[in-house]
Amino acid sequence: MTFLTACVVVLLAGGCGKRETLTAIGDRTQELRLNNEGEPSSLDPAVATGTIEHAIMCSLYEGLVTPDAKDLSLHPGAAEKWEISPDGKVYTFHLRKNGRWSNGQPVTARDFVASYHRMLLPSMASQYSYMLYPVKNAEAFNLGKISDFSQVGLKALDDYTLEVTLHSPAPYLLSMMIHDSWFPVPVAVIEKHGAIDDRNNPWTRPVSFVGNGPFMLKEWRINSHILVEKSPTYWDAQHVRLNKIYFDPTESADTAERMFRSGQLHSDPQAPPSKVAYYRKYKPNLIHVYPLLGTYFYKINVTRPPLNDKRVREALAMAIDRHAIAETITRAGEEPAYCLTPPNTAGYTCRGKITEDVAAARRLLTEAGYPDGKNFPTVEVLFNTLQSHKAIAEAFQAMWKKNLNINIVLHNEEWKVYLDSMRRTNYDIGRFGWNGDYVDPSTFLDLFATDSGNNETGWSNAEYDRLVRVASNTGDRAARYDAYQKAEAILLDEMPIIPVYFYTRPRLIRPSVRGWYPNVIDQYDFKSIYLVPQDN
Amino acid sequence: MIDTTPMAMALPAEPAGGSSFWRDSWHRLWQNKLAIFGLIALSVLAALCFASFLWPNITGCSYEQQNLALGPAPPDHVHWLGTDPLGRDLLARLLYGGGISLTVGLCATAVSLTIGVIYGAIAGFAGGKLDMIMMRTVDILYALPFAIFVILLMVFFGQNFILLFVAIGAVEWLTMARIVRGQVMAIKRQEFVEAAHALGLREWRIIFRHIVPNLLGPIIVYATLTVPEVILLESFLSFLGLGVQPPHSSWGVLIKEGAEVMEEYPWLLLYPGAVMALTLFSLNFLGDGLRDALDVRGSKD
Amino acid sequence: MLRFIARRFLEAIPVLFIIATATFFMMRLAPGGPFDSEKQVSPEVRARMEAHYGLDKPLFQQYVLQMKHLLQGNLGPSFKYPGRTVNEIIADAFPVSLELGLEALVVALAFGLAAGMVAALNQNSAWDHIPMGLAMIGLCVPTFVLGPLLISAFALHLDWFNAAGWFFPGDRVLPALTLGAYYAAYIARLCRGGFLEILNQDYIRTAHAKGAGGARILFKHALRGGVLPVVSFLGPAVAGLLTGSFVVETIFGIPGLGRYFVTAAFNRDYFMVMGSVLFYACFVVVFNLVADVALVWLNPKLRFE
Chain A
1 MTFLTACVVV LLAGGCGKRE TLTAIGDRTQ ELRLNNEGEP SSLDPAVATG TIEHAIMCSL
61 YEGLVTPDAK DLSLHPGAAE KWEISPDGKV YTFHLRKNGR WSNGQPVTAR DFVASYHRML
121 LPSMASQYSY MLYPVKNAEA FNLGKISDFS QVGLKALDDY TLEVTLHSPA PYLLSMMIHD
181 SWFPVPVAVI EKHGAIDDRN NPWTRPVSFV GNGPFMLKEW RINSHILVEK SPTYWDAQHV
241 RLNKIYFDPT ESADTAERMF RSGQLHSDPQ APPSKVAYYR KYKPNLIHVY PLLGTYFYKI
301 NVTRPPLNDK RVREALAMAI DRHAIAETIT RAGEEPAYCL TPPNTAGYTC RGKITEDVAA
361 ARRLLTEAGY PDGKNFPTVE VLFNTLQSHK AIAEAFQAMW KKNLNINIVL HNEEWKVYLD
421 SMRRTNYDIG RFGWNGDYVD PSTFLDLFAT DSGNNETGWS NAEYDRLVRV ASNTGDRAAR
481 YDAYQKAEAI LLDEMPIIPV YFYTRPRLIR PSVRGWYPNV IDQYDFKSIY LVPQDN
Chain B
1 MIDTTPMAMA LPAEPAGGSS FWRDSWHRLW QNKLAIFGLI ALSVLAALCF ASFLWPNITG
61 CSYEQQNLAL GPAPPDHVHW LGTDPLGRDL LARLLYGGGI SLTVGLCATA VSLTIGVIYG
121 AIAGFAGGKL DMIMMRTVDI LYALPFAIFV ILLMVFFGQN FILLFVAIGA VEWLTMARIV
181 RGQVMAIKRQ EFVEAAHALG LREWRIIFRH IVPNLLGPII VYATLTVPEV ILLESFLSFL
241 GLGVQPPHSS WGVLIKEGAE VMEEYPWLLL YPGAVMALTL FSLNFLGDGL RDALDVRGSK
301 D
Chain C
1 MLRFIARRFL EAIPVLFIIA TATFFMMRLA PGGPFDSEKQ VSPEVRARME AHYGLDKPLF
61 QQYVLQMKHL LQGNLGPSFK YPGRTVNEII ADAFPVSLEL GLEALVVALA FGLAAGMVAA
121 LNQNSAWDHI PMGLAMIGLC VPTFVLGPLL ISAFALHLDW FNAAGWFFPG DRVLPALTLG
181 AYYAAYIARL CRGGFLEILN QDYIRTAHAK GAGGARILFK HALRGGVLPV VSFLGPAVAG
241 LLTGSFVVET IFGIPGLGRY FVTAAFNRDY FMVMGSVLFY ACFVVVFNLV ADVALVWLNP
301 KLRFE
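Protein sequence lines correspond, in order, to chains A, B and C.
For the first sequence, the numbering used here assigns the number 1 to the initial residue and increments by one for each residue that follows.
For the second sequence, the numbering used here assigns the number 1 to the initial residue and increments by one for each residue that follows.
For the third sequence, the numbering used here assigns the number 1 to the initial residue and increments by one for each residue that follows.
Looking at chain A on its own, in the form it has when it is part of the complex (with noise of 0.2 Å):
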């Protein structure tokens, strides 16, 4: 009886008067709430793997060149002006004297190159370490080959001077700079509470965790939340509005979608497909749909036939419509993709297309030895089980019958085990996506080199590798992209993926968020973001 008598209570309690939203508090007291996606792996830039933990880290820390959250433009952060050599190899780095880490310590640039090594350490097992090899001997450092680390290009000329010397001009080398492997650490700090090269090392703690960011780390409860609070100690600190950001990490879209509904959450980046069409029609000013740097694509296993003949390859891409998904089935505003980088990375824009044409994907077809599909063997694709793609691959299966008149088997995997069959070259047809770690073209077209880790596909073409090489050898940017057209040229001829759709963020954003921007990769800019109270 007490019982019912405390739920009847709790109703009735919960029903009186309409409760202040938490969001409502936090537009009152400058505390954003937002969704991040999922539970960060780590805090510390050497053994944090993706996107949710930078989204979180670009608070905590600060690099030396920060975005522009509106054009990615790069913007001084902890350097406060840079030079770079004639010959683009030699960048020197001038840090602010009014840096400080959020225990008062100046950030030195041997802070910056402690950092850099510790990246480097080949006991680190650092997964992003290769974001630094444009670097002088990085990777020589990195594999082991050679141990000194003086022999790395990246110097500290004195307290506030830090050198970069790479072994070949690299122009994107800068907004390379805003991805989490170049962020500073506390060395000093991570010494204290373990050894340096510990992935296992506690310093990312509350009660011990120092960076230089606008914002220092409040409290981090795993899978419930993390708070992080404006630092005061932040050199720039009079210019950053929010007083505290609260990262939810729930990893189910509907969930997500209905606390943001609730008033629980400022933001939701990933609203879930089926309702981005209800929100764009009926709550336009609560969404905003646009332009990821990333692609989804399927990739083919040229090993295994009849794969392993490109007209059959080539049948398969052109006989699909890719409009019809992007339109009926993910809905968010997706463009088609007829080629492999997403349009305008970087000012470069791919000039080869694949053209859907089923007549000629009928011919191609039949010069390969399937007129009509006859006699063609059992193909097989293969994804990991969410609904989306089995969506996809659903529409597919019925395109490729009602077009080529060919039987394609569906598979779905659970995650872990899709990607090993993925590593091993165990499948047909797989699908992937693949998200730009920075803004430019190398991102997407070193996937397809032949010694590429992501490859995946068991192609190799010695001139596409020959252009890729140039390409990041040199630094025109013209002679650069003019290679990366010719790649991608083969890339589509030879046909080892079919590109689908470039992705797009569908986020749920409340208007009382102000100062936030969409861009390509998604950066938050917190120093700029700021609540502005609603009256509803």
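None of these hints come from the bench; they were simulated from the model.
Hints should not be assumed to be uniformly reliable.
Said to hold, decoys possible - Calculated cross-link-like contacts (lysine to aspartate or glutamate; reagent style EDC-like; alpha-carbon spacing at most 16 Å): (1) LYS89/A x GLU163/A; (2) LYS281/A x GLU264/B; (3) LYS39/C x ASP446/A; (4) LYS401/A x GLU64/B; (5) LYS145/A x GLU44/C; (6) LYS39/C x ASP451/A; (7) LYS230/A x GLU31/A; (8) LYS402/A x GLU64/B; (9) LYS402/A x GLU356/A; (10) LYS310/A x ASP493/A; (11) LYS353/A x ASP493/A.
Following the hints, put chains B and C in place on chain A, whose structure we already have.
Chains B and C only, in chain A's frame:
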């Protein structure tokens, strides 16, 4: 003198015959209207599902014909239950998938039931060390991670459909065994069992002719509870890659996918859910009827 | 009885040992490892990470080391959350699942037992069919449907609660109802069956004949026997309830242990899987023991064997 009054003439020539336990039960079942309704509903549903399996275009729409332009549409005169996000007719998919779900639901339940009853009866009856070993084995199997077990099954045996039954059977018999064991331990202490012992009946006979009929009540109840669990478990297994592959479907998968879009396209959840509920209600009524009919203490008076 | 309990604890040791061994080999045999990700790491990095966690040693050596650690109570580090140990994660998440589980259990027992008893006492009447009908609905409606329905009605439309989270007292209501509904339905069905078995027995008829009223019969005579099948079911069910439900915790954003059981296996977080499996196994052992003891207590004819 022979009594020639009408009453006397109406008396049967032979004394009232005894009827067997099973005949009595069948008679009682037949009188239970709800149970018969359940039986009929189930049969009709099963017939429709298997008919659509054999003749896929029976409703006029195919279960796999996509219509991307149409997309998810509410019920109309062409698509009686509406369409799914790929424009496929829901009624056709529901009936086609029903064959799979009913087969899996009923067969897998029957399999796990059989194993569970035999195992639990032996353990409960035997007692002592055998009981201990058997029940500790159940504890062990209970605790092992199911998802990994299924993944390993697929690694070693491929993606055979039979594996679906193995996987489901492997996990569902455990609770049944425990319940049966508990019941058997209670029943074996009762007087009629001691009497059977005293009469010198062999163990197997005692277990299966005297004890098991007394178990039928909980067994039937538990079986009707297991069927919905199995149907939904199948959707978890298809998440792991076992079970039906697209474009085929099953009720569990339809319900799971419908739940994801229940606010935008409620018919995608409503109709599969309603059909599954109808099946389960029918099973429930039938099960209750069976339970009542087979109750050994059901009075003859 | 104490000897019985002590013996069961002794038996638990080989049980846990076998579970640990089976889990260890099952996890290592499954394809895919903790370091597989969509952006594949280079072979050098992979080799280093494996060496760091000792995964490059021969399998049997790893097994022995793992067993040694387990005996010391050290459940190891988590791969998915570097810097956190499995002990820590469980200690942090378990109290949440425990609270939710207890609240759901209260809901399940209150509604389930009541419905079962009412139905059994009024067999084949409307008061039998209605509660059983509701119970069947509770069984057919899976948690991943019931949860969002409740949230949609009470949190989003009526605005009585938050849609997700575990911070305020009100956050407990909807998850407890969602989690408890299924068990309430199960208990109602089992309970009704159990009661009917008892109520049709001769000694109940005797009580009736002697003039005892319905409620008195119920509580004094039938309750003990009728609850029997419920008790057998509840043993492992409570173990599952208290260690958390993946679905409910995902839908309501609850930082409990239930999620880890599933996500750890999917992440191939070896030590986390081992830790959570053994943790759950301990609960299963304990609650099966409690259920067996309760069985004997309820039915005086049973003896501890």
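The hints, checked one at a time:
1. LYS89/A x GLU163/A: Within the cut-off at roughly 10 Å; holds.
2. LYS281/A x GLU264/B: Given pair LYS281/A, GLU264/B holds - Cα atoms ~13 Å apart, limit 16 Å.
3. LYS39/C x ASP446/A: 13 Å, holds
4. LYS401/A x GLU64/B: 11 Å, holds
5. LYS145/A x GLU44/C: 12 Å, holds
6. LYS39/C x ASP451/A: Distance ~14 Å between LYS39/C and ASP451/A Cα, so the pair holds.
7. LYS230/A x GLU31/A: 10 Å, holds
8. LYS402/A x GLU64/B: 12 Å, holds
9. LYS402/A x GLU356/A: With Cα atoms ~14 Å apart, LYS402/A and GLU356/A stay inside 16 Å; holds.
10. LYS310/A x ASP493/A: OK: LYS310/A and ASP493/A at ~8 Å, within 16 Å.
11. LYS353/A x ASP493/A: It holds: about 10 Å lies between the C-alpha atoms, which stays within 16 Å.
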